[in-house]
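In order, the protein sequence lines correspond to chains A and B.
For the first sequence, the residue numbers in my numbering are -9 to 135.
For the second sequence, the residue numbers in my numbering are 824 to 1232.
Hints were generated in silico from the structure; no laboratory data involved.
Don't be surprised by glycine CBs; every beta carbon is placed ideally from N, CA and C.
Check before you lean on any hint, since a few could be wrong.
Some chain A residues flagged as far from chain B (calculated, every beta-carbon gap over 12 Å) [what the hints assert, rightly or not]: (1) 16; (2) 113; (3) 116; (4) 120.
Just so you have them, the derived chain A footprint on chain B, three or more residues with Cβ under 8 Å [as the list claims (entries may be wrong)]: (5) 832 to 846; (6) 902 to 915; (7) 927 to 934; (8) 944 to 951; (9) 955 to 969; (10) 1146 to 1158; (11) 1206 to 1219.
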Amino acid sequence: MRTDTVIRTALGAVGVGFGLWGVWLMRDFSFEQLLSTGIWLAGGILLHDAVLAPLTVALGVAASRLLPGHYRAATGLAFLVWATLTITFIPVLSGQGGKPDNDTLLDQPYLISWLVLTGVLAGAAVIAAQRRKRRVTRPADADAG
Amino acid sequence: MRLPTVEDIEKRIPRPETFTSQSRGTRLTTRVGTALGIAFLICFLTGLWSHFQYDPPSWLPIGPDPTQLYRITQGTHVISGTAAVPLLLVKLWSVFPRLFARPHDTTKRGLLLESLERASIGALVGSSVFMLASGLLNIVQWYPWDFSFRRTHEAVAWIAIGSLLVHIAVKLPVIRRAFAAPIDEPGDSDEAIARASDTTASDTPLEDQPDSAGRRAVLVGTFASAGLAVLLTAGQTVPFLRKVSVFAVRDGDGPQDLPINRTARSAGATASALDPAFVLEVVGADGTVISLDREQLKAMPQQTHRLPIACVEGWSRNATWTGVPVRDIIALTGADPRSDVKVRSMQTRGAFATSELPAVFVEDDRTMLALELNGQALSLDHGYPCRIIAPNRPGVLQTKWVRRLEVRA
């Protein structure tokens, strides 16, 4: 056997073993716990493949039809940063979690920070798009400068 | 009008070639995927370590040194998990068209192999989303589920890492090829993209292509996003980032300059903790019971040490603690300082009402029954009248509102 085949077979075998060990660790879970775990496992796939990803594709198509060409790269990148950070911060933005008698967690003005983040990224996208427009329409100036 | 046939429906389902964005491609996927794999590996190892610190196995004697060890491993665990969220989202975006790929080997064996690979990817995506979502929710103490967080987060971690290894095994040749070429060179090696350029090139308005973000720009944007996610949250454990981390669950403040995980009220400890008749019971190895009130504890020789509270939620902060070494207290019953000690709290609600102090911690004089925090008497929510503080221990094992110490025979 070639080295590559050996490495791939070993990786695959260890991987299957790890996965089975994970399932084994759940052997004494109650039906209720297993059901809840299953819902969260399948729910993550569904949420991404049926909601987030199609929404992103739809926004991309809409942006490519509505926005002038020099805006597309900048808005695409700004959207990448904005969307991934927003999803990362959903727990603190949600208003859920914590305990009413404990003010040492969730103790910052998250919504204001998120509005600032959104504004900064939108501003950065506009500035980058305008600079790109100048580069594309007046290449002679850029060369002269 | 005829009913749509299976073929009609099949035609309406998109194919990988339907997605014309040139920003996607195997070279981008591989680079983001590698970063994500490293983040997952760090999460997995530090996560296993955390379980070891909760329940030290006999073959791994975890002791009080280095003092800041758990603070660093658990801080790293939550930081790498946070960085993994943008990486996972971009990774999934970059391969989304592949979801619609039709089997290219339609023999029985080909279909079986393809189904197995699809199943492993399903396990990988499901478990990856599960790990990051449950971890992020746990750090804000939000539990919208019916499973035990600690046990399920551990079990699914093995499934995530296992399916990741299978995925790497399947994709190894693709990964090698993708790393061999510069990311932005035209003509990505992804076969779906390659086929797309044959069949749909004429449909794609050419003037649009140079306008979309290049793959290198997407990669830089992805890493920038992961970096920002870290900078904007890590201040809950990295002191110099406290002012920067405006999205951190905790800003590090609290009564006596230290945050609280569980208040006396939610632990159901208020009444007993404030009872003026409080006495600490100490049970020796031979069954001897002695009682000490707070004044008697204060009259014993005190020590002051700077030690962190480091929680599983990934926040931590150093504080100055003053109290009596546990070894000195159990010595009053004639017990050997090299003894395991069981600690019982007054709390009536929630987990960790008792904890075990292994002998290796007890014999270290920095393992104290603390009476003061940052120069003041402990506040109620920090464990008044007395609490355990020891070096290198997860926060939940730093038992508050202590009522009884039992030396294990």
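Structure-based check of each hint:
With a closest Cβ-Cβ approach of about 5 Å to chain B, residue 16 of chain A is found to fall inside the 12 Å limit, against its non-interface label. The claim that residue 113 of chain A lies off the interface holds: its Cβ sits roughly 16 Å from the closest Cβ of chain B, which is beyond the 12 Å cut-off. Chain B leaves residue 116 of chain A outside its interface by the beta-carbon criterion, the shortest separation being 16 Å against a cut-off of 12 Å. With a cut of 12 Å on Cβ distances, residue 120 of chain A stays outside the contact zone with chain B, its closest approach being about 14 Å.
Taking a C-beta to C-beta cut-off of 8 Å, the region 832 to 846 of chain B contributes 3 residues in contact with chain A, enough for the three needed, and the coverage statement holds. Beta-carbon proximity to chain A at under 8 Å applies to 6 residues in the region 902 to 915 of chain B; the threshold of 3 is reached and the given coverage holds. For the region 927 to 934 of chain B, the stated coverage by chain A is violated: 0 residues have a C-beta nearer than 8 Å to a C-beta of that chain, whereas at least 3 were required. Coverage of the region 944 to 951 of chain B by chain A holds [criterion: at least 3 residues with CB-CB distance below 8 Å; count 6].
Coverage of the region 955 to 969 of chain B by chain A holds. Counting CB-CB distances below 8 Å, 11 residues qualify, and the rule asks for three or more. For the region 1146 to 1158 of chain B, the assignment as covered by chain A is violated, since 0 residues bring a beta-carbon within under 8 Å of that chain's beta-carbons and 3 are needed. Counting residues of the region 1206 to 1219 of chain B whose beta carbon lies closer than 8 Å to any beta carbon of chain A gives 0, which falls short of the minimum of three for the stated coverage.
The structure does not agree with the numbered hints 1, 7, 10 and 11 stated previously, though it agrees with the rest.
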